[in-house]
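*Asks:* Sequences and hints are given; from them, build the entire structure.
There are 6 protein chains.
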Amino acid sequence: DFLQALQEVKPAFGAATSTLEMCRLYGMLDCGLRHRRILETGLALVEQVKSSERTPLLSCLIEGPSGSGKTALAATIALDSDFPFIKVVSAESMVGLSESSKCGIIAKIFEDAYRSPLNIIILDDIERILEFVHIGPRFSNLILQTLLVLVKRVPPKGRKLLVIGTTSMREILDNMDLVSAFNVSLHVPTLDHEDMRRVLVSLNVFAPEDVDAALGVLEEKMPIKKLLMLVEMAAQGGEGAEAVYGGKERINLQRFVDCYNDLAS
Amino acid sequence: DFLQALQEVKPAFGAATSTLEMCRLYGMLDCGLRHRRILETGLALVEQVKSSERTPLLSCLIEGPSGSGKTALAATIALDSDFPFIKVVSAESMVGLSESSKCGIIAKIFEDAYRSPLNIIILDDIERILEFVHIGPRFSNLILQTLLVLVKRVPPKGRKLLVIGTTSMREILDNMDLVSAFNVSLHVPTLDHEDMRRVLVSLNVFAPEDVDAALGVLEEKMPIKKLLMLVEMAAQGGEGAEAVYGGKERINLQRFVDCYNDLAS
Amino acid sequence: DFLQALQEVKPAFGAATSTLEMCRLYGMLDCGLRHRRILETGLALVEQVKSSERTPLLSCLIEGPSGSGKTALAATIALDSDFPFIKVVSAESMVGLSESSKCGIIAKIFEDAYRSPLNIIILDDIERILEFVHIGPRFSNLILQTLLVLVKRVPPKGRKLLVIGTTSMREILDNMDLVSAFNVSLHVPTLDHEDMRRVLVSLNVFAPEDVDAALGVLEEKMPIKKLLMLVEMAAQGGEGAEAVYGGKERINLQRFVDCYNDLAS
Amino acid sequence: DFLQALQEVKPAFGAATSTLEMCRLYGMLDCGLRHRRILETGLALVEQVKSSERTPLLSCLIEGPSGSGKTALAATIALDSDFPFIKVVSAESMVGLSESSKCGIIAKIFEDAYRSPLNIIILDDIERILEFVHIGPRFSNLILQTLLVLVKRVPPKGRKLLVIGTTSMREILDNMDLVSAFNVSLHVPTLDHEDMRRVLVSLNVFAPEDVDAALGVLEEKMPIKKLLMLVEMAAQGGEGAEAVYGGKERINLQRFVDCYNDLAS
Amino acid sequence: DFLQALQEVKPAFGAATSTLEMCRLYGMLDCGLRHRRILETGLALVEQVKSSERTPLLSCLIEGPSGSGKTALAATIALDSDFPFIKVVSAESMVGLSESSKCGIIAKIFEDAYRSPLNIIILDDIERILEFVHIGPRFSNLILQTLLVLVKRVPPKGRKLLVIGTTSMREILDNMDLVSAFNVSLHVPTLDHEDMRRVLVSLNVFAPEDVDAALGVLEEKMPIKKLLMLVEMAAQGGEGAEAVYGGKERINLQRFVDCYNDLAS
Amino acid sequence: DFLQALQEVKPAFGAATSTLEMCRLYGMLDCGLRHRRILETGLALVEQVKSSERTPLLSCLIEGPSGSGKTALAATIALDSDFPFIKVVSAESMVGLSESSKCGIIAKIFEDAYRSPLNIIILDDIERILEFVHIGPRFSNLILQTLLVLVKRVPPKGRKLLVIGTTSMREILDNMDLVSAFNVSLHVPTLDHEDMRRVLVSLNVFAPEDVDAALGVLEEKMPIKKLLMLVEMAAQGGEGAEAVYGGKERINLQRFVDCYNDLAS
Ligand SMILES: Nc1ncnc2c1ncn2[C@@H]1O[C@H](COP(=O)(O)OP(=O)(O)OP(=O)(O)O)[C@@H](O)[C@H]1O
Ligand SMILES: Nc1ncnc2c1ncn2[C@@H]1O[C@H](COP(=O)(O)OP(=O)(O)OP(=O)(O)O)[C@@H](O)[C@H]1O
Ligand SMILES: Nc1ncnc2c1ncn2[C@@H]1O[C@H](COP(=O)(O)OP(=O)(O)OP(=O)(O)O)[C@@H](O)[C@H]1O
Ligand SMILES: Nc1ncnc2c1ncn2[C@@H]1O[C@H](COP(=O)(O)OP(=O)(O)OP(=O)(O)O)[C@@H](O)[C@H]1O
Ligand SMILES: Nc1ncnc2c1ncn2[C@@H]1O[C@H](COP(=O)(O)OP(=O)(O)OP(=O)(O)O)[C@@H](O)[C@H]1O
Ligand SMILES: Nc1ncnc2c1ncn2[C@@H]1O[C@H](COP(=O)(O)OP(=O)(O)OP(=O)(O)O)[C@@H](O)[C@H]1O
Ligand SMILES: [Mg+2]
Ligand SMILES: [Mg+2]
Ligand SMILES: [Mg+2]
Ligand SMILES: [Mg+2]
Ligand SMILES: [Mg+2]
Ligand SMILES: [Mg+2]
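Chains as they are written, first to last, in my numbering: chain A, 43 to 307; chain B, 43 to 307; chain C, 43 to 307; chain D, 43 to 307; chain E, 43 to 307; chain F, 43 to 307.
One or more hints might be untrue.
Same chains, same names: a pair is fine if it fits in one copy or spans any two.
What the hints assert, rightly or not - Straight-line C-alpha distance at most 30 Å; calculated DSS-like pairs for lysine-lysine:
| id | residue 1 | residue 2 |
| --- | --- | --- |
| 1 | Lys290 | Lys267 |
| 2 | Lys290 | Lys199 |
| 3 | Lys150 | Lys290 |
| 4 | Lys129 | Lys290 |
| 5 | Lys194 | Lys129 |
| 6 | Lys150 | Lys129 |
| 7 | Lys150 | Lys263 |
| 8 | Lys263 | Lys194 |
| 9 | Lys92 | Lys199 |
Calculated from the structure, these hints are not laboratory results.
*Replies:* What follows is the structure, encoded as structure tokens:
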């Protein structure tokens with residue numbers, strides 16, 4: 043049955059995909075000022091938690107459209123802190139579990155944190171942790187109530203905790219009173235053409251004279267993740283993607299357009 | 043009870059009907075350019091998953107009206123790849139199971155894939171896997187959340203995975219944020235009269251002078267599966283279908299019309 | 043408790059009322075062309091399943107208002123085939139069982155069929171199998187999903203299966219995508235006055251001069267089952283129904299009208 | 043816990059209040075033609091079930107406003123038949139049981155009937171058996187589906203069954219397709235002033251000159267049960283009700299009016 | 043867990059707060075004619091149950107706004123009867139129990155009553171017993187159905203039962219068909235200024251010249267319980283409430299107004 | 043599983059964060075008259091419970107916007123009483139428990155109180171205890187019904203109990219009939235600019251000439267908790283918060299504005 047199926051699955055839990063480095067498959071490119079400021083604010087909060095007596099608990103919500111780079115930013119803040127206890131709560135590591143099992147896992151992670159002096163907990167893709175779906179709408183109130191309480195629960199004397207949440211559904215979390223449960227809220231934008239040009243140029247995958255044409259095809263605003271996937275798809279064919287990234291070959295414009303049309307969203 | 047009933051049923055699980063060949067009962071006929079391009083794009087994704095370092099996971103949604111050929115196309119892409127691990131997740135092999143058992147089975151298939159280097163997983167008829175029904179609407183949020191996560195979960199280092207989904211309810215999957223969970227989305231059309239003529243002529247079941255009359259009876263657009271079922275029904279009677287397909291006999295026009303009227307949709 | 047209560051009840055399961063002959067308590071009278079054509083089409087499908095290689099599975103929905111003769115027609119098609127495996131799935135034989143037990147029983151019947159060469163499965167009164175009720179509406183999605191899959195699941199190589207469904211709620215089944223899961227859909231009409239006259243005359247229960255007066259009382263359209271029940275009720279009294287059917291006595295018109303007014307629907 | 047509580051309660055099950063005589067606490071008075079005709083029709087159905095070959099099953103719904111006399115009428119028909127097996131299904135004897143236990147009990151009563159040649163089953167207050175409440179509305183679909191099937195299930199060869207249902211919510215049962223599951227439907231009216239006068243006169247509890255005044259106070263239509271309760275309340279005081287019924291004393295008009303105002307509905 | 047928690051709690055069940063005297067913490071003051079008539083009618087029903095043969099069961103609903111004195115009135119009727127078996131069904135004594143446990147307890151109390159000759163059962167605050175809340179609305183249909191049946195179930199031969207219900211949500215109980223399940227319905231009003239003056243004067247807590255001023259502050263209508271609480275709060279301070287009630291001190295008007303503004307409803 | 047996870051968690055239950063002192067991390071500053079009067083009224087209720095015979099139970103709801111100081115006020119009242127039994131019921135100490143476990147814990151706390159002469163129970167953040175969420179809306183009716191009863195249940199003879207509830211959703215609690223279950227209701231306001239100035243001046247974290255500029259940036263009304271968090275964040279950087287509070291450094295106005303913009307609500 044299911045439990046048996048899960049046990050065989052277990053070894054993968056919390057491993058592989060949930061490590062912080064996996065969150066930055068394409069590395070961190072320069073996407074402009076607004077992305078940079080999020081990293082700065084995040085690191086300021088890291089500092090405050092460490093040094094302030096009156097705020098042993100701080101919480102920060104990183105929100106923005108799908109693929110805008112939220113998870114990569116949260117991971118980067120955590121990696122750049124020197125905190126010994128860093129944990130990611132994500133739906134990926136709780137596939138198929140019951141609501142109450144998920145609550146148990148989440149509560150356990152917070153309890154563990156209360157035993158270590160300096161802690162960061164990332165709640166990645168909160169709408170997914172909440173099992174949210176627009177139709178209904180439906181979600182796990184059990185998990186929601188758990189998060190509402192844990193995000194505000196002050197750790198015991200001498201323990202410090204920074205909670206970083208990510209979501210692409212700010213408005214919904216707001217309706218759940220979950221946004222105001224965080225102290226700070228930071229918005230991650232999609233890229234505008236100026237930002238995209240910077241990324242494309244730095245990747246050096248187009249012939250210089252093609253960059254404008256390529257941009258001309260694309261929508262006004264685009265999330266960084268989608269742009270990088272598109273480049274990757276278009277770089278296939280010919281001598282292969284490595285030839286393109288290695289500078290030996292350039293992306294064919296027509297192929298770029300075709301790939302763009304096949305993208306799901 | 044039910045569990046006992048299931049155990050007797052088990053031997054048939056994953057057998058017979060769920061093999062890829064069974065998905066193409068009528069073979070693959072030439073239905074025009076648009077069907078062909080889907081196969082090409084599918085095979086390009088097969089290539090990219092195999093060769094690209096940055097996209098160990100790719101996902102592709104094949105969507106179109108009921109009977110348009112989605113499952114046959116997905117099966118063909120999988121059969122034409124040379125990937126050693128190919129699995130079909132379909133409601134057919136999970137009849138009567140509880141939501142959580144289904145989640146367990148699905149999660150297990152993905153976990154198995156993470157242990158093999160090159161993998162294809164077909165999620166056939168996603169609305170059926172989700173137990174979706176318009177009235178309500180109702181569906182299994184447990185299974186939906188499982189799919190939302192698994193379709194985006196990057197396999198561990200060195201493993202490659204192509205996920206192919208099929209659905210005839212794109213809009214509903216979109217409301218569930220499931221379409222944008224796929225990287226690529228491909229539309230399978232119904233046949234227009236030009237496409238149908240090509241199919242009917244190549245089947246050679248009508249007297250040449252009857253083809254136009256036959257087409258004249260039919261609606262503007264028709265899915266390939268319905269057209270082939272109609273031909274099969276109309277070929278009955280007389281000396282039998284084999285006589286018709288063998289070229290010894292032709293389909294009677296009046297019988298063709300009668301059968302057309304009895305079709306359920 | 044309930045399970046114990048059920049065990050005592052078990053011996054009656056699948057017995058008595060669920061035999062095909064019991065579905066035709068009043069025999070099969072001539073109700074006009076439209077009823078006849080349904081029997082013909084049904085038998086043509088029986089032939090096609092038997093002989094065609096490409097359609098090892100065919101399915102046919104017999105739909106029409108309450109009491110129009112659907113079950114009797116399905117039973118007659120099955121009885122007139124020479125198929126060795128004929129099973130009826132009906133709510134009658136699953137009274138009080140849980141949704142999942144019902145699914146188990148239904149799945150078991152299909153699995154059994156996959157082991158026999160020629161099979162007919164009748165899904166009688168699908169709305170009742172689905173536990174449908176307008177208020178809500180409510181129904182068993184578990185059973186619905188089971189039917190949606192089983193009606194389309196192709197039996198293994200060498201096995202043939204004809205599925206015959208009956209329902210008096212076509213529109214609702216359509217909203218559930220269940221109508222289009224069937225290959226063929228046949229409508230059973232209520233009787234008009236011409237049809238009723240034929241039935242009444244052939245029963246010979248009225249004085250010839252009373253037939254028109256009797257018809258004059260009745261609504262425009264009436265299902266065969268209601269008409270036969272009305273005749274039976276009106277034939278009571280006096281020397282008894284046998285005297286009337288035996289031709290010794292005639293139905294009294296006033297009593298006919300009184301009985302008509304008491305009918306529930 | 044609850045089960046233990048129930049066990050202590052058990053001895054009262056099916057006893058005392060559920061016997062047929064208890065349904066006629068005030069006896070059967072003459073309330074006019076319409077009540078009488080219901081008894082006649084009921085007894086005609088008793089005859090038909092006994093003698094007809096084609097209708098081994100008949101069912102009859104007695105419906106009318108609260109307190110109109112439905113249960114007393116059903117009990118009287120059953121008592122006046124000479125059938126050996128008479129069972130009452132009522133919510134009273136299933137207080138606090140789960141839906142599935144209730145279904146088990148109901149199914150058991152029908153199964154028992156299938157073993158006896160001549161049977162009457164009274165389904166008293168069907169809305170209560172169904173646990174119906176307007177708010178929502180809510181009801182037990184499990185029990186509803188059980189009734190929908192059992193009321194139409196033909197008993198095995200040689201067994202005869204008359205099902206009598208009562209309800210004060212005809213419209214709701216109609217929305218549940220339960221009215222048309224019965225063969226016959228009979229309406230029990232409230233009393234008009236003519237009927238009430240007959241009852242009051244025959245009870246002889248008012249001074250002859252007070253009858254008109256008493257009627258003048260009352261609403262246009264009133265159910266028999268409410269009228270009899272009102273008389274009983276008004277007869278209290280003074281020398282006591284026995285003095286009134288015994289003819290020694292008369293009901294005081296002012297007290298009659300006061301009691302009338304206190305009645306709950 | 044919960045069950046263990048409950049066991050420790052048990053000793054308090056049915057004790058302390060649920061005794062009838064506890065329902066009249068402020069005693070019974072004269073609040074005017076309308077309150078008095080309720081006591082009289084209640085005692086008349088006590089008499090009728092005892093003496094009448096035809097009404098072994100009587101039921102009476104005492105309904106009115108929150109704090110109007112319903113529970114105290116019901117308790118007084120019961121205390122003034124000489125019935126040996128008096129039981130209170132109230133949510134207080136069933137805190138935290140499951141719906142079915144509550145049904146079990148309620149059914150048990152009625153079954154116990156059926157073994158004693160003369161019985162009174164008080165169903166206090168029926169909306170609370172039903173776990174009713176306006177949002178939804180939600181309530182326990184299991185408990186509702188139990189009450190609907192028990193309030194109408196006639197006790198066995200020789201047993202007499204008076205059921206007294208109280209509620210501040212008459213309309214809602216009416217929508218549940220629960221009001222008409224009672225024979226008699228009595229309305230408890232809030233006090234008007236005339237009634238309040240009588241209460242204040244008889245309590246003698248204001249300087250005579252302050253009574254009018256005090257009344258002038260208050261709303262038009264006020265329930266007795268709220269008025270008495272207000273007096274009690276205002277009597278605090280200074281030498282203490284006992285000094286006020288004892289006539290040594292008077293309530294300060296300004297303090298009276300302040301307290302009035304703090305009252306929750 | 044979850045239960046095991048909980049057991050490891052247990053040591054933290056009721057400890058650390060739930061102590062009353064933890065509720066006042068920033069101490070109690072002077073925020074103006076309205077906050078002060080709440081403390082006075084609270085202490086008057088403490089007195090009344092202790093001395094009055096007629097009100098062994100009093101209850102008081104402290105309600106106001108998020109962060110307005112409700113919990114700190116409730117804690118202060120409790121700390122300033124000399125009652126031996128003070129318990130806090132809060133969602134924090136019941137994370138992830140089932141509804142019925144929570145009810146058990148709550149009921150247990152009240153039962154314990156009934157054994158001690160003088161008791162205060164704080165129900166902190168009632169909407170959170172009720173697991174309330176606007177979407178739906180959803181909440182635990184089981185817990186609601188428990189509170190509705192416990193808040194009104196009079197303790198046994200000789201026991202005194204003051205119940206203090208806090209909530210930022212007065213209207214919702216009112217719809218649940220929970221506000222009127224309390225005797226007294228006190229509103230905690232947000233601070234206006236006058237109040238804020240007093241707080242900022244007394245904290246002495248701005249250069250005197252900057253206070254007006256700082257106020258000019260802020261919204262009209264602000265809860266005390268948000269203001270204190272903002273000051274704390276802005277005090278970071280430079281020589282550190284201690285330098286600012288210690289008077290060695292002043293808050294930089296620009297940094298103050300930046301922090302203000304990052305605040306989540
Ligand atoms: N400056 C940057 N900021 C964020 N991500 C970047 C940046 N430069 C490159 N990336 C890459 O862009 C991708 C951003 O994807 P990421 O998963 O973080 O987005 P997301 O907003 O969390 O998406 P989703 O909405 O699907 O959760 C990562 O693969 C990351 O390596
Ligand atoms: N070029 C083609 N593309 C797809 N299918 C084809 C083609 N030529 C013939 N077929 C036949 O058409 C049928 C298509 O049916 P298929 O089950 O794939 O459709 P579907 O869209 O998946 O239907 P459903 O909506 O019921 O799932 C198959 O039997 C296949 O053998
Ligand atoms: N030509 C006919 N076709 C169908 N039924 C006939 C015919 N002649 C007589 N009958 C009788 O009419 C009755 C039809 O009832 P049947 O139960 O089949 O109707 P139904 O449409 O299935 O009703 P329901 O809607 O209640 O399921 C049967 O008793 C059958 O014996
Ligand atoms: N002619 C009559 N028909 C029916 N009941 C009668 C008649 N004469 C007297 N009665 C008395 O009237 C009462 C009718 O009550 P009964 O319980 O049958 O009504 P009901 O319609 O079933 O009520 P409810 O709606 O509460 O179920 C019985 O006590 C019965 O003894
Ligand atoms: N004449 C009276 N009638 C009723 N109650 C009175 C009277 N005189 C004084 N009281 C006191 O008034 C209070 C009435 O409160 P009670 O709890 O009975 O009201 P209630 O309507 O049941 O309130 P709730 O709506 O909260 O259940 C009791 O404490 C009682 O002692
Ligand atoms: N006069 C005061 N009244 C209340 N709180 C004060 C006061 N002065 C300073 N504070 C501080 O303000 C903070 C108020 O926060 P508190 O948690 O009590 O607010 P709350 O209204 O309960 O918030 P929430 O809506 O999040 O529950 C506490 O840290 C407390 O130390
Ligand atoms: Mg992300
Ligand atoms: Mg398909
Ligand atoms: Mg039928
Ligand atoms: Mg009745
Ligand atoms: Mg009360
Ligand atoms: Mg608080």
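*Asks:* Hint by hint, note whether the structure agrees.
*Replies:* Here's how the hints hold up against the structure:
1. Lys290 to Lys267: This pair counts as within: shortest intra-copy Cα distance 24 Å, inter-copy 46 Å.
2. Lys290 to Lys199: This pair counts as between: shortest inter-copy Cα distance 26 Å, intra-copy 59 Å.
3. Lys150 to Lys290: neither (51 Å within a copy, 42 Å between copies)
4. Lys129 to Lys290: Answer is neither: 41 Å inside a copy and 37 Å across each miss the 30 Å cutoff.
5. Lys194 to Lys129: Result: close both inside a copy and across copies, 17 Å intra and 20 Å inter.
6. Lys150 to Lys129: both (11 Å within a copy, 25 Å between copies)
7. Lys150 to Lys263: Classified as neither: same-chain Cα gap 40 Å, cross-chain 38 Å, threshold 30 Å.
8. Lys263 to Lys194: between (35 Å within a copy, 22 Å between copies)
9. Lys92 to Lys199: within (13 Å within a copy, 34 Å between copies)
The structure does not agree with the numbered hints 3, 4, 7 stated previously, though it agrees with the rest.
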